[in-house]
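Residues per chain are reported as follows:
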Amino acid sequence: MSAQSINELLFEAATLLMVGMGFVFVFLTLLIVAVNLLKVFCERFPGQEPKTLTRTPSKTARPAQVNEDKNIVAAITAAVHAHRQANR
Amino acid sequence: MEQLAILWDSTALAHFELGQVIMMAVGALLLYLAIVHGFEPLLLFPIGFGAVLTNIPLAGFTEPGGLLYYIYEVGIHSGVFPLLIFMGVGAMTDFGALIANPRMLLLGAAAQFGIFATLFGAIALNFIPGFDFTLKDASAIAIIGGADGPTAIFLASRLSPDLLGAIAVAAYSYMALVPIIQPPIMKALTTPEERKIEMAQLRHVSRKEKILFPLGVLLLTILFLPSATPLVGMFCFGNLMKECGVVDRLSKTAQNELINIVTIFLGLAVGSKLSADKFLTVETLGILGLGAIAFAIGTAAGVIMAKIMNRFSSASINPLIGAAGVSAVPMAARVANKVGLEANPHNFLLMHAMGPNVAGVLGSAVAAGVLLALVG
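Taken in order, these protein sequences are the chains called A and B.
At position 9 of the first sequence the residue is numbered 9 (the working numbering), and the sequence of numbers has no breaks.
At position 91 of the second sequence the residue is numbered 179 (the working numbering), and the sequence of numbers has no breaks.
Everything labelled a hint here was simulated from the structure, so no lab data went into it.
Since the structure is predicted, the reported quantities are computational estimates derived from the model, not experimental observations.
Careful: at least some of the hints might be erroneous.
Computed cross-link-like contacts, DMTMM-like style, restricted to lysine to aspartate or glutamate with a CA-CA straight-line distance of at most 25 Å [claimed, not checked]:
1) K224(B) to E8(A)
2) K296(B) to E43(A)
3) K39(A) to D182(B)
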């Protein structure tokens, strides 16, 4: 490649550098504005939170229930044991 | 005797060329790095194996009719695989930290300076005899600085398919090297006092905001940069699937099974581009060098931007999180957290660094869109 055509390409690359960085900054700044608007919108219209949130507690509840069942089983076992001991 | 000659002729031994042997060694090196050192194993492993398969003489994996030929044509030539990966990444990304502190988007923008500066550098390499990068080649190489594998592969497949193998290998290798490349730059550009800065806790982000965010990003992209909509659109699609909460099954598939399947084929297809005639060139060395420079410049630009923001903003900002602006999720955020902990053992920056980190993903997708619009 001749030096002249490389210089032309370099000039184009420099233009791309300015335009590209400029555009990325403008676009993401717009996005900052949009996110801030979103925050204001959500504060003004809280509405109801989507109902799928209720599903998560049920998942965590399950192990607790298993524990409870275990406790009940343990209590019944102990009671039966005591009953048998008493009636021996 | 004649039959013996025919038999000898049908073995690979008679047909090995030096280039193929070297490329098989490169494939083996990638396998070694993935298996023994755990360097981005999910990608370097299939890429390495693909490279070995590609260079088998007589097997014709990459000729029309060969397996890897079809995988490449279907997945990468069409641009489908990187976009599917991007959908999965979207479904795995939590924008909470970014929505809580949207100014972090500026850090994600600053780190893209690495991309555009490298574009300049790639063209400047043309002064050295042996290099012949067009503006399209240079753009595809520069996107390595975005530190985002799928974006790099997508852009390379659009602009410069011949360089795709080298670009993908460079992008993923440097992403694995983030913990080695970034800390010296971060330390050189910050004082110990700056590294100790603690940041205010992030506010709670409502589900509604998280649901509306991807839609907002998509709307802006549709209006201002339609050339980035393949990337940003799939990303937002995946993210909305995750956040809306009504399609959990689809969201789980996108984050797990689908992205895993696509990763296997994407890796093999990239490996199929590691043939001797395309990879064993002086240009590959240039690409590897430029990739490292792109990463370093991106990191530095992010840190410097964070220092500027810290000076002018009311809330203090630790400059280290600027380095996370070069996507590479979540590795770059972890590095920022680690370097911060070294300076101040009670300073957990991980959540704060996730903001610029995901901003970097958006930033590199926007930069890719700009390059597609202006160069493609």
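So which of the earlier hints does this model not fit? none
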